[in-house]
Structures are given as C-alpha cells and as structure tokens.
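Fit chain B to the known structure of chain A by using the hints.
Chains as they are written, first to last, in the numbering used here: chain A, 1 to 827; chain B, 1 to 112.
No wet-lab data here; the hints were simulated from the structure. There may be inaccurate statements among the hints.
[As the list claims (entries may be wrong)] Derived SDA-like pairs (lysine to any residue); straight-line CA-CA distance at most 20 Å: (1) B:Lys94 to A:Ile211; (2) A:Lys520 to A:Phe556; (3) A:Lys549 to A:Asp289; (4) A:Lys493 to B:Ala80.
[Said to hold, decoys possible] One side only, chain A facing chain B, incomplete, derived with CB under 8 Å: (5) Asp224; (6) Met814; (7) Phe817; (8) Pro819.
The C-beta atom is built at its ideal place from N, Cα and C for all residues, glycine as well.
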Amino acid sequence: MTQQQDHLVVIGNGMAGCRAVEELLARDPTRYRVTIVGAEPHVNYNRIMLSPVLAGEKTFDEIVINDAAWYADHAIDLITGDPAQDIDRATRTVTMRSGRSLAYDRLLIATGSDPFVIPVPGRDLPGVISFRDMADVDRMLAAAQGAAANGGGRAVVIGGGLLGLEAAHGLSLRGMSVTVIHLMPTLMERQLDEAAGWLLKSALEARGQTILTEAHTAAILGSDCVEGVQLKDGTIIPAQLVVMAVGIRPSVALARAAGLEIGRGIKVDDHLVTSDPSILAVGECVEHDGNVYGLVAPLWDMCRALADGLTDRHSGYRGSVTSTKLKVAGLDVFSAGDFSGGNGAEDIVLRDASRGVYKRVVVRGDRLVGAVLYGDTSDGGWYFDLLKREEDVSAIRDMLIFGQAFAAGGAQADPNAAVAALSEMAEICGCNGVTKSKIVACIGAGHTTLDAVRATCKASASCGACTGTVEALLAVTLGDDYSGERNVRTLCKCTSFGHDDVRREIVAQAMRSIPEVMQKLTWNTPDGCASCRPALNYYLLCALPGEYKDDQQSRFVNERLHANIQKDGTYSVVPRMWGGLTNPRELRAIADVVEKFDAPMVKVTGGQRLDIFGIRKEDLPAVWADLNAAGMVSGHAYGKSLRTVKTCVGSEWCRFGTQDSTGLGVKVERMTWGSWMPHKFKIAVSGCPRNCAEATIKDFGIVCVDSGYELHVGGNGGIKVRATDFLCKVATEADAMHYCAAFVQLYREEARYLERTAPWIERVGVAYVRERIADDADGRDALAARFLVSQRFMQEDPWATRAAGEAREQHAPMAVFTPLDAAREMA
Amino acid sequence: MIGDWLDIGWVDEIPVRGSRTVQVTGGDDIAIFRTGEGRVFALLDRCPHKQGRLSQGIVHGGAVACPLHNWRISLTTGEALGDDKGCTPVVPVKVSAGRVLICRTSVLKAAA
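Bound conformation, chain B alone:
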C-alpha cells in the first residue's frame, strides 16, 4: 500500500536559510527549503528562467534567489517575484513530528 506522502528525512537535515534536494530517478530533482523562520517548502529544482538549480540559491525571507541570474522565486507559490515572469511547480510538503513529508503524486507529476 503506497501512501500519498513520502518521508524524506528529518527537518534539521536541511540547513536553516538553506536547502537540500531529493533526487528523483528519471526526473528532475526536488528542492527542499528551510527558511529563517523554520518553515519548510518544496519546489521543482528548476528556475523558470534558464532551469537554474534553485536549491543552490540564497534563501531570504520567503524567497530564493536563483544562482544563475538572480531571479527571485517565491517559495510558497513558485512564482517569479518582481518584474520577472514565470513559475516553478510547487510540491506540497508538511512536517510531522520532525519528519519532512512531500506529496508523492506531485513528485511523480513534476518528474513526468
């Protein structure tokens, strides 16, 4: 029986104001972010601009700056902020008893 949430690890494995990735065989990585406030978000690890690895960007407030061209992407909506236009798929994520869970269906959809 496969549940809809994937347990990917402890929340404190993600650096505060940093990110880790979940590798998806046959698909794009998922970037898991932890903000200065301790909130956890997940996006496809791909900037809508030139596919930069968002997981490698600087996390500030509720956004991440893409390492390639400094686009700012909202962690909650995946939308590019400011004057830039574009959107990265968001993967639902929740934290339960210190474990980080991401939505399996969304991962599969994003990976497809």
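Only chain A is shown next, with the shape it has when bound in the complex:
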C-alpha cells in the first residue's frame, strides 16, 4: 500500500539537525517529507570551523557542509533567517517569528546551545559579543578591521576554554592585542590537567597574548560602547572588543515553553524521543541519561540512533565516551576519559622538555582509563581505542606511554628494548649532541655509572631530560654488570633528579613556577607530592625574591596558617620577642589573649618567648589582631625560617659581660626575621665565653669577647646534638651582622630543603664555608647583599595581613551543619 508521507519538521539548521536528516535519508529516503527551519540566514555550515574563518585560514564557503543543491536534491524545504518561536503540541504546529506556521507529524528539535553570558554590569554594551555563529565572527572581523585602521586595537576574551582561546588566537592573528581572562588556575581545565594547561599558557604567551588566570571579571566598562574590563582586584584592562566565551548552555527555551520535560537539557530516552512521543530532540540541546554533550562525536552517535528509531529499527543510544582531540591556536592537545586520578588510578607520565611534549596516561587495574596529551597527539586515537574497548593493557603497560609504535612489540616488550632498537646514530642528548654510539663507546671504555658517563661524554649532564634513556643504555650495554641505582638520592619519587640538580636547573633555565619545573625536569607525577612541592616552592622563592608568587598549597599547614598545629587540631601561637626582651604592654596583651580565647596553657619556650596553646583555627586572625595591636608580630615558630635570636643580658647588666649581647641580638633578629630557609634556623648571642645563650648549639652563634666577636656555625641541639664549628672572629658588631647575613644566604642558596645547617656543613665541610664567608670578601659582600635584597620582600608580618582579612577562608568553615534532630533524621 502506498503510505502518505509523514511531515518531519526540524527546528535547527545546524550540524545536529542536518546530520540527523542525512542519516534518515540514508535509511529511507521516501518515508518523510522534511522541512528544516533555521534561525541563521545560511545553509548548514561546520560550526567547529568558525575559528579558522576568524583566523583567516578559511572562507565561509569552505566550511559549508550542505549547500543549497543538497536541500534541493532531497526535496527538503529550507526556511532560513526565521527562528521558530512557538510549538503548539495540541495542534502539532510550529510558528515562526514571521508568523508563518507549519503542521508536523514528527518534530525534531536541534536548537543546539546558547552562549552563556556572565551577569556583570556592562554586558549589554555594544562591542560585547559571544563566539557562537557566523554573525559573531563577522562582528569580530569588523572590530579587528576598524581597530587596524587606527593602528591596532585591544581585545579582551573572557574565558580560557577552547572557544575563548580560539577567539583570542584569531583576533591576535588579525592584529589585535589580546588579553584572556580566565577564572580558573589553568586553561581548559576540563580538557587538560594542570601540566598541559601550563604548557598551553606558556605557548600562547610566547605568541604575545596576555593570559590572566584566576582572574574574576567584575564589570565591563564603557558608556556608549565597550571601553574596558575591570577585574575584582581592581585591575582595568582597556579594550574596544570584549568576547564573552565562558561556556554554553543547552538551548531549551522553546522546548520549555512547549511544556516538554527539561533537566539540564531537553530530556530524551534512548531513541532521542522527548516527553512528547511525537517530538524528538538531538544534539547539544538534549540531556540523555543525565549527560549533556558539547562535542561532535556523541552527536553523530545520537543521529544514528535517532534515524534508526524514526525508521523503526530502534537500535538505541547508550551514551558516548568522549575524547577531545583539538588544535588550539595551532597547538595539539588531546584528552580522553577520566584523568582526575585517585581511586587506585596510577599515572604514567612522559615529558619531553626540549620538544614541549607532555603525555600522561592513567591506568586503573589492568585498564587504561584516561589520557592527556600535549604537543604530540599522534597516539590519541590509539589510547582512546584502548580506553573504549576496555582492553587489558597489563602486558604492554611498561611501553604504553611510548605509544603504539613501541607497544606493538606486545608481551615481549621491554622498556630497554625501545632504547636497544634505536639506531647507532640516534641523538640521545640534545643539549650536548651525544649520539647513542658515542655513549655506548663511553660505557665500553669503562665508564659504568651514570655519573661517569656524564663526566666523560656529557650525555644527560645538562638539562638531564635524557637521564632515563642513558640509564637504559647502561642497562642494555652492561647487562647484569650494571649496578643500577645511582648514588644520588633523588628529591622524591616524582623525579630522577637530586636536590642539587633541581636547584641548578631552576637557576640555569630561569624557571618561574612549579608546573614549569615539573615539565622541564620531566616529573613523573602530574602535580608532585607532599615532599617535592614544598621543596620546589622554597627553591623558587629563594631564586626569585619579590617575583615568585608563593604557592600556599605547596606549604605545610603551619606555614599556611602561621601557627603550630597540635595533636588535637588546635594551634599554638608564638609572638616574636626581639632578642628575648619583652615589656608590660606585650605581657598584658598576651595575658588578655589567653583569657579572651580561653587558652588552656602558656609556656616559656627554649627560645626565650611565650607560647600560647590551644587556639582554634577560627580564632587565629582575632588573636593576631590583638597581638598586633600591642606591637607584636609573628615569631615564625612554625616555619622553615628564622626562629629566635636568643641572648644573655650582656655588658649592660652582667658583671662578666664583654659586649652588648642583648642589643646585638635584637639587631640581628630585626635583620633576619621573616626569611624563609631550607629548614628552621636559630641564632644566639652570648655576652661572654660562659655562653649563657648557648650560642654553640645554634645554627649561627655569636660569642662576645673583649676583643670582638667569635662567630660559630652549624650547631644543633636536636635529636643529634652537635656543637658549632668555629668560623672566624670579627672586630665589630657591624661585621658580625654582615657575616651573619652572608652565612644565612649561603645556607639559603646551597643547602637542600629540610637540611639543617649541621648536616649541611658536615656534607660540604666547614673549610668550604670558611672559604666562602671568611676568606672571600667579595663573595661575602655579594651574599650579604643578596640576603638584604631578599629580605626587602620577606619582612611583612604575615599575621597583620591575615588579621586584615587575607585568606580569611582558610580559617572559617565553608558551612556549618546543625542536625535539627539527629535521631529523627536518621530514621
């Protein structure tokens, strides 16, 4: 029997709507009469390719998917530039803005997404646009051309996701000076992990874009049109064009007005049917099984299931596993699956610093569960395939990170085999131009350790990125004779480098951030561990005084909260008492604090000051405010930093005193307080050789004698008592302070993180320290000068800034939950 054709009306002339029609026609070209209604005045084009149009790499005609002939050939009625405005489900009609209406048998909603506009003042000003369709691109091009006529203009892009970065790239190529404002700490945080995000940011900055992360937009400024953007911290960035690219939302207004069931998107079943059986929906506007998709691949999956359903084949859509393989501004990035770690997941990381490549695969049990690639995405498809098929990867695990070519060896694969397979002429060490054959010859000549190889042929002796390969060559060449483990203790399990290597490279390569160090020195974990993060933070802080932004999350709790955590979770607070001196005002303030905050204990410390115990984290800022009001600052009793300067009463009172040890102690403490160190650092000044201040078990001790000042270093009263080594004797107070500054800086620059002065001096020898501090006058002056420069940025009382409200959230709970009636709620 001849069946009358049903009328299928498609709202949305975009990628989803047209693809659905294509799939339908491929299954049954005659079943439906099709009408497509589009809001834009165009045929169907590839929205993903808008970026190349903006960048000038493609024309609009080149990104058209279905030209006018396609609609004509398939007898599809196309209505463009006339958006659907109303769906009447009772009469099964759709009405357009022009008033025209269409009756349907089946309706397909494919309205896609709307750009999300953040609700800030000025968002409606002319010159504020989104980046969603061809009209937006035209507006951006017009703005760039207008600006070019006036010698180039400035644009701000709000949003550091894919769209935002593409817009920024295009505008930048069109001659505008572009600033990207991104709310999160790293770019594209949903697709990339921190390390890859950092690489991307560095690459974009190298191209002249300004990238501001953790930047909150407060307002868009301007009276008649856009003039700039203001951030919450008050910064104003002038701009004639603002592109809002913070995200997209399923476009559901039409469906909602029609009374269809809506979640985050239009709710559909496995056959893409909405809560009304005669209405279907597909693409970015739908929510299936709790998921909303913003990528192309799921959309194709949906269109297949939808067309099957419309032609009574009912295969059903089961959701999509997505991967993202993108070129962002010409840079290759890829991510797939779950790369958030945890839950038994193990990371395998490969970083090639010289090529700017970062690869990370996440394995859980025997399965690959996620991957992030930057710079070289050639194996993205292979990883995605392993992931989707949930293949057992245990046999190729060791080779997985090297990609398909290496792992193809299968069960026999051996990490050393990849190295063995390299050609003799392969360059292993790019820094020093050392080939495999040269290294093998070097090993053959009897240099059988990594250090020996480094010392002779220089392989891996510079940036060290090829250390692993050189070690593999040692293993391959020497077989069982290779002793394996290097004699250098690595900083932690995240790296094959030792502390000294890391510090040397931070300075040599002028590194500026923790992610940068981890990338350039090929860390094998995504964001380090509780051992390496504080060390790197300190090394950077020491190398870049005043420039490096301290990473609070890389600090141990005591240094984050500027107090000492106790076993019950409360804190102890020690205000500084310069040289162990105090006065009634300070003592009264301390007494008041103890009573006001009900502190259960106050103790006199070994460092000649008072420790107030049992303060709650929430009360710390108020405690500090009270202590500050009496003129007291943080005693840093909690830090890897200058702790106390202990003194005796000296010549002012003591009948044996030879010099003003108390006064000198106060001056030394005023000079050194606030400085961060590899470990805690204690100083003492004794007024005579009776040494009541115990200066000979301090990191730096001064013992006054009639003829001057004896300087002692490297003492320790801790687990292993060590008396100081005598450094030298100086004549004046000023000299004593100058030598002290130089010694502190030498320790700051050369000791390893968490190495006290005692083990440091035992390691390097007191002769070395004497040579640097006592014998080399120029070197001493330079060290002291560097210390004083660094101190310019360190001597700000952390308590005062906290009492004034900085990092308030660290002290307050996020929320307080009081069960109304716990027993009833439990029932």
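For chain B alone, coordinates are given in the frame of chain A:
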C-alpha cells in the same frame, strides 16, 4: 521536606589543591577537598592514624598527606596508601551547577 543532599557552597570557595571544612554541630568536621584536576571529594576530617585534621594536609594527585605524621590518605576511598593501614569514612559529594553538595545521611552517620 529534607532532601538527601546538603548544599554547602560554591566549588570555587575551595582552593585548588586545597581544602575547606564543614562544621557539624555535635560531631566531627567534614573535610572537602579540591584536587589539581578540579575534582571535589569529602572525607571525615580525621586521619585513621592519630585523628589528624586531613583538611590541613597537602593535597597532591588524588591523595592528601596528613599534617601530623604524613600518612597519605586516598581521597576517593579514604584508605591509607603505601604501607600504612587504616581508613577514614568517605562522604559522597557531587558538584551541580557550580554548587557543592554532600550526602546528608553520610554526614549524620559520620557525626554520630
């Protein structure tokens, strides 16, 4: 009508690679963590070892290092990692439209 999810605030109130707490009257605090990847987890704020405040530890990868004795606790399972043995109760958490929600029943159970 009491739902099973407690809305405790915006996700960006938790520092990346850091933590905040939810105070529970009459019970132990809940520690809310946000990893470098932006994932959010919740555990009872109590190390299985000596009851250290996990919320004050250093967050790295999918784990937190307890500030008292450096035990590493998995944020997903609450289990001690490495050679240490012990487990901290996990509180189900989800993020919806930028808001962090924790499971009310689990909070009550943990607090009891």
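Here is what the structure says about each hint:
no.: 1; hint: B:Lys94 to A:Ile211; verdict: 30 Å, violated
no.: 2; hint: A:Lys520 to A:Phe556; verdict: 25 Å, violated
no.: 3; hint: A:Lys549 to A:Asp289; verdict: 43 Å, violated
no.: 4; hint: A:Lys493 to B:Ala80; verdict: 18 Å, holds
no.: 5; hint: Asp224; verdict: 33 Å, violated
no.: 6; hint: Met814; verdict: 4 Å, holds
no.: 7; hint: Phe817; verdict: 5 Å, holds
no.: 8; hint: Pro819; verdict: 6 Å, holds
Checked against the numbered hints given earlier, the structure breaks hints 1, 2, 3, 5 and satisfies all the rest.
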